[in-house]
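J.: Whole structure, please, built from the sequences with the hints as guidance.
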Amino acid sequence: MSKAESTETTPTEDGVIQSVSGPVVSARDLDARMNDVVYVGDEGLMGEVIEIEGDITTIQVYEETSGVAPGEPVENTGEPLSVDLGPGMLDSIYDGVQRPLDVLEGKMGSPYLDRGVDAPGIDLEKEWEFEPTVEVGDEVGRGDVVGVVEETVTIDHKVMVPPDALEAGETTEVTAIEPGSFDVTEAVAELANGTDVSMHQEWPVREARPSENKKTPRTPLVSGQRILDGLFPIAKGGTAAIPGPFGSGKTVTQHQLAKYADADIIVYVGCGERGNEMTEVIEDFPELEDPANGNPLMARTSLIANTSNMPVAARESCIYTGITIAEFYRDMGYDVALMADSTSRWAEAMREISSRLEEMPGEEGYPAYLAARLAQFYERAGYFENVNGTEGSVSAIGAVSPPGGDFSEPVTQNTLRIVKTFWALDADLAERRHFPSINWNESYSLYKDQLDPWFEDEVADDWSEKRQWAVDVLDEETELQEIVQLVGKDALPDDQQLTLEVARYLREAYLQQNAFHPVDTYCPPEKTYLMLTTIEAFNDEAFKALDAGVPVEEIVDTEAAPRINRIGVQEEYEEYVEELKAEIAEELRSLY
Amino acid sequence: MKEYQTITEISGPLVYAEVDEAIGYDEIVEIETAQGETLRGQVLESSEGVVAIQVFEGTSGIDQNASVRFLGETMKMPVTEDLLGRVLDGSGRPIDDGPEIVPEERQDIVGAAINPYSREYPEEFIETGVSAIDGMNTLVRGQKLPIFSSSGQPHSELAMQIARQASVPEEEEEGEDGSEFAVIFGAMGITAEEANEFMEDFERTGALERSVVFMNLADDPAVERTVTPRMVLTTAEYLAFEKGYHVLVILTDMTNYCEALREIGAAREEVPGRRGYPGYMYTDLAQLYERAGRIQGRDGSVTQIPILTMPGDDDTHPIPDLTGYITEGQIYVDPDLNSQGLQPPINVLPSLSRLMDDGIGEGLTREDHADVKDQMFAAYAEGEDLRDLVNIVGREALSELDNKYLDFADAFESEFVDQGFDQNRDIEETLSIGWDLLSMLPKDALNRIDEEFIEEYYREDDSERKVVEAAD
Chain A
1 MSKAESTETT PTEDGVIQSV SGPVVSARDL DARMNDVVYV GDEGLMGEVI
51 EIEGDITTIQ VYEETSGVAP GEPVENTGEP LSVDLGPGML DSIYDGVQRP
101 LDVLEGKMGS PYLDRGVDAP GIDLEKEWEF EPTVEVGDEV GRGDVVGVVE
151 ETVTIDHKVM VPPDALEAGE TTEVTAIEPG SFDVTEAVAE LANGTDVSMH
201 QEWPVREARP SENKKTPRTP LVSGQRILDG LFPIAKGGTA AIPGPFGSGK
251 TVTQHQLAKY ADADIIVYVG CGERGNEMTE VIEDFPELED PANGNPLMAR
301 TSLIANTSNM PVAARESCIY TGITIAEFYR DMGYDVALMA DSTSRWAEAM
351 REISSRLEEM PGEEGYPAYL AARLAQFYER AGYFENVNGT EGSVSAIGAV
401 SPPGGDFSEP VTQNTLRIVK TFWALDADLA ERRHFPSINW NESYSLYKDQ
451 LDPWFEDEVA DDWSEKRQWA VDVLDEETEL QEIVQLVGKD ALPDDQQLTL
501 EVARYLREAY LQQNAFHPVD TYCPPEKTYL MLTTIEAFND EAFKALDAGV
551 PVEEIVDTEA APRINRIGVQ EEYEEYVEEL KAEIAEELRS LY
Chain B
1 MKEYQTITEI SGPLVYAEVD EAIGYDEIVE IETAQGETLR GQVLESSEGV
51 VAIQVFEGTS GIDQNASVRF LGETMKMPVT EDLLGRVLDG SGRPIDDGPE
101 IVPEERQDIV GAAINPYSRE YPEEFIETGV SAIDGMNTLV RGQKLPIFSS
151 SGQPHSELAM QIARQASVPE EEEEGEDGSE FAVIFGAMGI TAEEANEFME
201 DFERTGALER SVVFMNLADD PAVERTVTPR MVLTTAEYLA FEKGYHVLVI
251 LTDMTNYCEA LREIGAAREE VPGRRGYPGY MYTDLAQLYE RAGRIQGRDG
301 SVTQIPILTM PGDDDTHPIP DLTGYITEGQ IYVDPDLNSQ GLQPPINVLP
351 SLSRLMDDGI GEGLTREDHA DVKDQMFAAY AEGEDLRDLV NIVGREALSE
401 LDNKYLDFAD AFESEFVDQG FDQNRDIEET LSIGWDLLSM LPKDALNRID
451 EEFIEEYYRE DDSERKVVEA AD
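Protein chains in written order, with my numbering: chain A, 1 to 592; chain B, 1 to 472.
These are calculated hints, taken from the structure and not from any lab test.
Among the hints, erroneous ones may be present.
[Said to hold, decoys possible] Mimicking DSSO-like on lysine-lysine, the simulated pairs with C-alpha atoms at most 30 Å apart in a straight line are:
1) A:Lys215 with A:Lys466
2) B:Lys443 with A:Lys544
3) A:Lys420 with A:Lys448
4) B:Lys2 with B:Lys76
5) A:Lys215 with A:Lys420
6) B:Lys243 with A:Lys107
7) B:Lys443 with A:Lys581
8) A:Lys420 with A:Lys466
9) A:Lys214 with A:Lys448
10) A:Lys107 with B:Lys76
11) A:Lys544 with A:Lys581
12) A:Lys448 with A:Lys466
[As the list claims (entries may be wrong)] Computed beta-carbon distance windows for the label pairs:
13) A:Val519 with B:Glu209: 44 to 52 Å
14) A:Arg504 with B:Arg275: 37 to 45 Å
15) B:Glu456 with A:Asp540: 31 to 39 Å
16) B:Pro272 with A:Glu75: 30 to 38 Å
17) A:Val117 with B:Glu18: 34 to 42 Å
18) B:Glu209 with A:Val117: 38 to 46 Å
19) A:Gly71 with B:Glu209: 43 to 51 Å
20) B:Glu197 with A:Gly54: 56 to 64 Å
21) B:Asp219 with A:Glu51: 36 to 44 Å
22) B:Gly394 with A:Arg507: 25 to 33 Å
23) A:Ile52 with B:Thr33: 38 to 46 Å
As the structure is a prediction and not an experimental result, all values here were calculated from the model.
Heads up, the beta-carbon is just placed ideally off N, CA and C, and yes, glycines get one too.
T.: Structure, rendered in structure tokens:
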């Protein structure tokens, strides 16, 4: 994290601690502005100003405060909480205030997180090979790219003119630029207005980076998850919420998206997550291949891990740290997907701090500004035209952990008012190990219509019709199930029994997907589509047979159809599907 | 060290005292009453001139003349390998008339968070010998897997069975790997009778010599319960990460711990969260549960089995709810199954082990384990659903396959789950019973199992099946 040791914008005066209660410390005589970063106590624990009243300043501290006593000093940096932006953010793992956890381990010499240790968010000494993309004499505006460095095997990091170096519309001449090896703080280009452009930028986390305007997203974020791509797609630049009770598979769904979503960059924020789960990500991602290019997944990923036992104030800030990093890559013209697991922990961190401040609580003890903060966060997502004229997107996918799985609680409700995709996880489905346990009756995507043209161009003309067919069958099943609960399946007429059978294939083969199977874990849209057409083919043939007088028991008892359930695990699925369709038709036709 | 006789207010478990020096947050305090009794406490809030102290033993007997001493340090736990075999009270003082404990180190009980980068991902299967756990919700080393129970259920028996039987199969075969197994038992507010059962079991099985027992009983001061689990976990971390033990921590009952948190919150007049529990309960619980795990380059591990009794058997109550969001799964003890006499009465359907998928399979348990588990979950859930239906329409109205699912569900409970608290099944046996049961279903209903495994393990021949007849 950075508070620019170099800049001294405001003369600052040190204060003295007046009282300590958990993560909230108040100080006397501190000359500070709201949201300034301060160092608290003899150990220099990092904190942020959250309230000023008379000469008393209230600070939330990002580290454990045991042993901190009144009378110890508080030092103001005069800068708001900012992140270091530059090459080196990918393939990194940070805590909630962008301290690199691997560097901390080395510095502390212990597997435990000690206090008062600081490290910059990016390696300030590492040299990168800079390749200019403009020449001396070229005119550049704010945000314009002046050159690239290879950040990882997958991603070229674009070096940009800082957005606050020039006014909008203003341009200036490049006076010096050279290829070569530079560390992130050295100037790689000089501009006529006196600006030195380096690879390193700083940005206050609570402020959105500027953009030209927001556009309607029209390309899907393809996730390789059948139920998501097939029924409830999210757009690049879209927002989604995944609420669900514990054990319903929020984290697995988030991990699947982080692994297989076709974004250029993934920012994964583990906000109050389990330590072991973050370790799994740290161990798995470097070994997993990016399905787009075969490179290690970590080469496009930045991880922020603020586990549940790390200080609560850093949990409050980690979401902002993540989205600011995401915006920086968006400015380069990349499609970025941000996963936040879980936004409820973030909201609870706000509640905890708010209650220590003795603010008047809103609904269920959450602060009255909860809805506003959630809205601000999700509004930073979108499909943008950047200030440099490129297009980039930030997709935000937030897990929500409603207490007791009750979706009527404030975090879920306030989130649903903002996001356009809703993937409702269901404890009942999870209990019967139907994974991903996304409830197809409750979930929705408001992007469907604007994404259909893409799927129709790229995958199949009748993509949306097929989807509608599947939805209709599942709806009918839901209605029929109510009757079955009362009278049993055998009391239904034959055609309805057959509909149940078709719906069963939809549920078991199509909607379920095994995240732990090497092949089934990623399902390209083509395969998703073919699977649906196979089930429809079975449906058509079966109803023809039924019309021809074949009893439903015989249709259900055929041998080829159950192999629909194995399409998911086939690597060479095209051939398999073709053969299977033919066999299903042959077998069913042989019955009449 | 300065002594003050400046107590200004006594309220519930809290004492407020005026001071003229800087007192650190969380610092340890000794209060000496007029009767000469010494009580211990901890600074909850420190301001210039006045501090709020929470007194572990309760405030009775304290008056405004009591003297207050600040020890200038936060709470520490004296740790040493010699703690094994000892019984301590809830604040870590020996109560077993044994020799004095000479600590090797004194460690801060507020453990620092383990850097996620330094952790090692848990994937070593622990064989508990309980089929419902090993087969369906496997426990691995470094996991935190709570038992969700309710009053009057045999959760203690289950915990004892796990403590007794838990082992790691490969290591037994290869002989010891140098790491020993230890159990740390933290009792918070349980009754003396329950405590005696645990102690008797520990003594009977000889487990005591590899155990450390912390006892805070129902009639011990409630506030002390807030430090007991921290003492327990500090000891566990020391034994695991300094001395290389594989430590199994049993904490019972977390509900009492949370009640104590609420009591302190109320005394401080904090803004309460859900059902009056403090708003920071999630953070507080996380600071306990997250102290399970493994660390790269260290031999030992800390595995936690916290037990909590859900008030009203309601898992949406804040205590189980927040716990479930932190721990890596949960095991449900079910009152209905208990009244049917199942031992252990584990309901596998809502139970879950999040770390299971990486701890099972070829080389760890057996290659078909994951598939068998998935299929049994699906089949048992199906059977459970059908039971409701049978009550309305009767068995005759159901198809042949549905009837098989019903038989499966019955057999699953009687053969697989109900094994008794004394039987120790290895994983082969557990899976073999699983195949016995699955073979009751037709082959093509086994859609979650790889065809290869069906070929190898499915029992075509009725005579191979032991279970079917028994189930009918």
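J.: Please go over all the hints and tell whether each is borne out by the structure.
T.: These are the hints, each one checked on the structure:
Proposed proximity of A:Lys215 and A:Lys466 is supported: the alpha carbons are some 28 Å apart, at most 30 Å. For the given pair, B:Lys443 sits about 27 Å from A:Lys544 by alpha-carbon distance, which is consistent with the 30 Å threshold. Among the hinted pairs, A:Lys420 with A:Lys448 is consistent with the structure: their alpha-carbon atoms are about 10 Å apart, no more than 30 Å. Proposed proximity of B:Lys2 and B:Lys76 is supported: the alpha carbons are some 20 Å apart, at most 30 Å.
Annotation: proposed proximity of A:Lys215 to A:Lys420 holds, straight-line Cα distance about 15 Å (limit 30 Å). Between the alpha carbons of B:Lys243 and A:Lys107 the distance comes to roughly 24 Å, so the proposed pair stays at or under 30 Å and holds. Pair hint B:Lys443 plus A:Lys581 holds up; C-alpha atoms about 22 Å apart against a cutoff of 30 Å. For the hint linking A:Lys420 to A:Lys466, the alpha-carbon distance of about 22 Å falls within 30 Å, and the restraint holds.
A hinted pair counts as satisfied when its Cα atoms are at most 30 Å apart, and A:Lys214 with A:Lys448 qualifies at roughly 19 Å. In summary, the hint linking A:Lys107 to B:Lys76 is supported, as the alpha carbons are separated by about 25 Å, within the 30 Å threshold. For the hint pairing A:Lys544 with A:Lys581, the CA-to-CA distance comes to about 15 Å; that is within 30 Å, so the pair holds. The suggested pairing of A:Lys448 with A:Lys466 holds, with an alpha-carbon distance near 13 Å, which does not exceed 30 Å.
Taking the beta carbon of each, A:Val519 and B:Glu209 are about 50 Å apart, inside 44 to 52 Å as hinted. Checked against the given bound of 37 to 45 Å, the beta carbons of A:Arg504 and B:Arg275, roughly 41 Å apart, stay inside it. At about 36 Å, the beta-carbon gap between B:Glu456 and A:Asp540 stays in the expected band of 31 to 39 Å. In this structure the supplied range 30 to 38 Å holds for B:Pro272 paired with A:Glu75, their Cβ-Cβ distance being about 35 Å.
A beta carbon spacing of about 35 Å between A:Val117 and B:Glu18 agrees with the range 34 to 42 Å that was offered as a hint. At roughly 40 Å, the beta-carbon separation of B:Glu209 and A:Val117 lies within the given 38 to 46 Å, and the hint holds. For the hinted restraint 43 to 51 Å between A:Gly71 and B:Glu209, the CB-CB distance of approximately 49 Å keeps it satisfied. Between B:Glu197 and A:Gly54 the CB atoms are about 59 Å apart, so this pair conforms to the stated range of 56 to 64 Å.
A beta carbon spacing of about 43 Å between B:Asp219 and A:Glu51 agrees with the range 36 to 44 Å that was offered as a hint. For the hinted restraint 25 to 33 Å between B:Gly394 and A:Arg507, the CB-CB distance of approximately 27 Å keeps it satisfied. Taking 38 to 46 Å as the suggested C-beta distance range, the pair A:Ile52 and B:Thr33 conforms, at roughly 42 Å.
Checked against the numbered hints given earlier, the structure satisfies every one of them.
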